[in-house]
Amino acid sequence: MAKIYVIDDESSIRRLIKMIMEEQKHEVTTFATAEEGLKVIEKEPPDLLFTDLGLPEMNGLELIKIVEERLYSFPIVVVSEITIAEAIIEAFKHGICDFITKPFTPTEIIESFEKCYMSTDTLLKKKKEVISFVEAGKNLQASKLVSRLFANFPNSPVPHYLFALLAFSWNKELAKRHLKAALALDPDYKEARELLIKIDSGDEN
Amino acid sequence: MTMPVLNKKKSKGLYIVIFGCGRLGSGIANWLSSKGNSVVVVDRREEAFSSLSFEFTGFTIIGDATELDTLETAKVEKADVVLALTPDDNTNIMTALISKEYFEVPRVIARVYDPNNIDMFSEFGVEIICPTLLAVKEIQNTLGFIGGDEG
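Taken in sequence, the protein lines are chains A and B.
Sequential numbering of the first sequence, starting at 222, is according to the numbering used here.
Sequential numbering of the second sequence, starting at 3, is according to the numbering used here.
Just so you know, the hints here were simulated from the structure itself, not pulled from any lab data.
For clarity, every value in this text was computed on a predicted model and none was experimentally measured.
Ideal Cβ placement from N, Cα and C applies to all residues, glycine included.
Treat each hint with caution, since some may be false.
What the hints assert, rightly or not - Among chain A residues calculated to face chain B with C-beta under 7 Å, some are:
hint, residue
1, L237
2, P324
3, T326
Using the sequences and the hints given, assemble the complete structure.
Rendered as structure tokens:
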């Protein structure tokens, strides 16, 4: 049984996700605002969070950024009416595991949960692991992890950035190619742009 | 093909799209959502959704049931069941046929007011609910009972 939090300002959506996941024997707590959810997350983080993007006051993306900054490792699934590619990319860039558009089927919710929680292969978690491997000089482990991320998150710029980070010390041209691929997927990917500038300027530090 | 059964005991709910949020559509939507199904209700008029109960757990979409965009927004291609319950037979037949033929929804049920349209719906594998025929049968049963009692 997993502990799941749901943040959505529409009570019908909160109740629907709760009903679907409780049917699967999980413990579900719901919140109408990001602020309410964040207060409880600080005391007791969930095993997985479903959140809307369009929330009153603090929006879903701001919440996702806070979760990323505070290094929480639970997976986040966005459930939103928004279908704009930029918003979806931005959310993925900040480490969400999946994006479901409304209206959703019970199968979409359950499969997303299984993908994100059961595998525990969240992008955010793995990104931190890769960076720590690279910093420790454990390039083989980092390389294996990045290969898995390419397979699991083919549309995300993050695996390209991590591969560039890995290749930075031994093949700068290859690193540049992957950074350009990351920027093609997300032109606002700050970390990728900074690393590209660093390579172009010949700054080794 | 296995038909989804609405009241079957199951581990997860069905995805059901209902076109028309009148008295029948809203009543069915309220009942289906209370059973743990994910229900989408589509109507051209926003005020129609006021018939849904406070306990309704599902989605509402304002749109024309005969437009492909509306059906795509409602994710009809993922539906287990589609119910065409608008007050217009032509709208119901068009929505039901697109759902059945184009989106290959396993179970499509339509309301038909004019009994003369039943054959046309049935030819395409659409299940029919005809209030006129149901009323006729009910009256026949009642009269038959009275007649039998008196005879």
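Evaluation of the provided hints:
| no. | hint | verdict |
| --- | --- | --- |
| 1 | L237 | holds, 4 Å |
| 2 | P324 | holds, 4 Å |
| 3 | T326 | holds, 4 Å |
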